[in-house]
Amino acid sequence: MLWIKSLHVVFVVAWFAGLFYLPRLFMNLALETTEDATARLLLMARKLYRFTSLISVFAIAFGLWLFLGYGIGLRGGGNGWMHAKLALVVLVIGYHHACGSMLKKFELGLNRRSATFFRIFNESAVLLLAAIVVLVIVKPF
10 MLWIKSLHVV
20 FVVAWFAGLF
30 YLPRLFMNLA
40 LETTEDATAR
50 LLLMARKLYR
60 FTSLISVFAI
70 AFGLWLFLGY
80 GIGLRGGGNG
90 WMHAKLALVV
100 LVIGYHHACG
110 SMLKKFELGL
120 NRRSATFFRI
130 FNESAVLLLA
140 AIVVLVIVKP
150 F
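10 is the number of the first residue of the sequence shown in my numbering; add one for each residue after it.
It should be emphasised that the hints constitute simulated quantities derived from the structure, not laboratory data.
Glycine is no exception: its CB is placed at the ideal position from the N, C-alpha and C atoms.
A portion of the hints provided could be inaccurate.
Below are the SDA-like pairs computed for lysine to any residue, each with C-alpha atoms no more than 20 Å apart in a straight line [unchecked claim]:
hint : residue 1 : residue 2
1    : Lys148    : Ser15
2    : Lys113    : Arg49
3    : Lys114    : Ser62
4    : Lys114    : Arg55
5    : Lys14     : Gly78
6    : Lys148    : Phe76
7    : Lys114    : Thr43
8    : Lys148    : Tyr79
9    : Lys56     : Val66
10   : Lys113    : Asp45
11   : Lys114    : Ile129
12   : Lys113    : Ala46
13   : Lys14     : His92
14   : Lys56     : Gly27
Estimated spans, in silico, between C-beta atoms of each pair [what the hints assert, rightly or not]:
hint : residue 1 : residue 2 : range
15   : Leu119    : Leu77     : 38 to 46 Å
16   : Leu119    : Met53     : 17 to 25 Å
17   : Gly89     : Thr43     : 17 to 25 Å
18   : Lys148    : Leu51     : 39 to 47 Å
19   : Thr43     : Trp12     : 42 to 50 Å
20   : Pro149    : Gly103    : 22 to 30 Å
21   : Val143    : Ala48     : 39 to 47 Å
22   : Val143    : Arg122    : 28 to 36 Å
23   : Ala139    : Gly89     : 12 to 20 Å
24   : Asp45     : Leu73     : 41 to 49 Å
25   : Leu136    : Leu51     : 21 to 29 Å
26   : Arg121    : Val145    : 32 to 40 Å
27   : Val147    : Lys114    : 31 to 39 Å
My request is simple: use the sequences and hints to build the entire structure.
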């Protein structure tokens with residue numbers, strides 16, 4: 010089980026690294042005015058989104074393995090922390106898909122959001138990660 014847990018943590022960290030960096034690329038895209046730089050940033054964002062999407066599959070798969078295969082968070086009382094964590098994971102998946110939608114708008118030249126929006130949007134991923142880590146470590150419920 011410890012190997013699966015370790016792999017889950019590694020893939021979650023890698024997934025969040027991508028989720029932290031992708032909105033920063035969006036921020037730079039929102040500020041960029043030259044065509045060459047925009048094309049380069051879009052290429053970087055596309056590759057990062059694809060890679061992050063693949064990483065997310067492994068993070069979720071190892072998490073499901075722990076949850077369903079080993080019963081982490083299923084057995085015993087006081088599983089409120091796991092329900093809260095899973096709700097936040099659903100929000101992270103939604104955040105990931107929102108990044109994909111924003112990328113598509115940049116690719117089509119339809120972005121109307123400011124660099125400030127992307128700066129704030131980027132920080133919401135940090136809050137999600139912090140909440141998930143606290144729930145897993147402290148298990149407050």
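Q: Against the structure, test the hints numbered earlier, and report the numbers of the ones violated in rising order.
A: Structure breaks hint 17 only.
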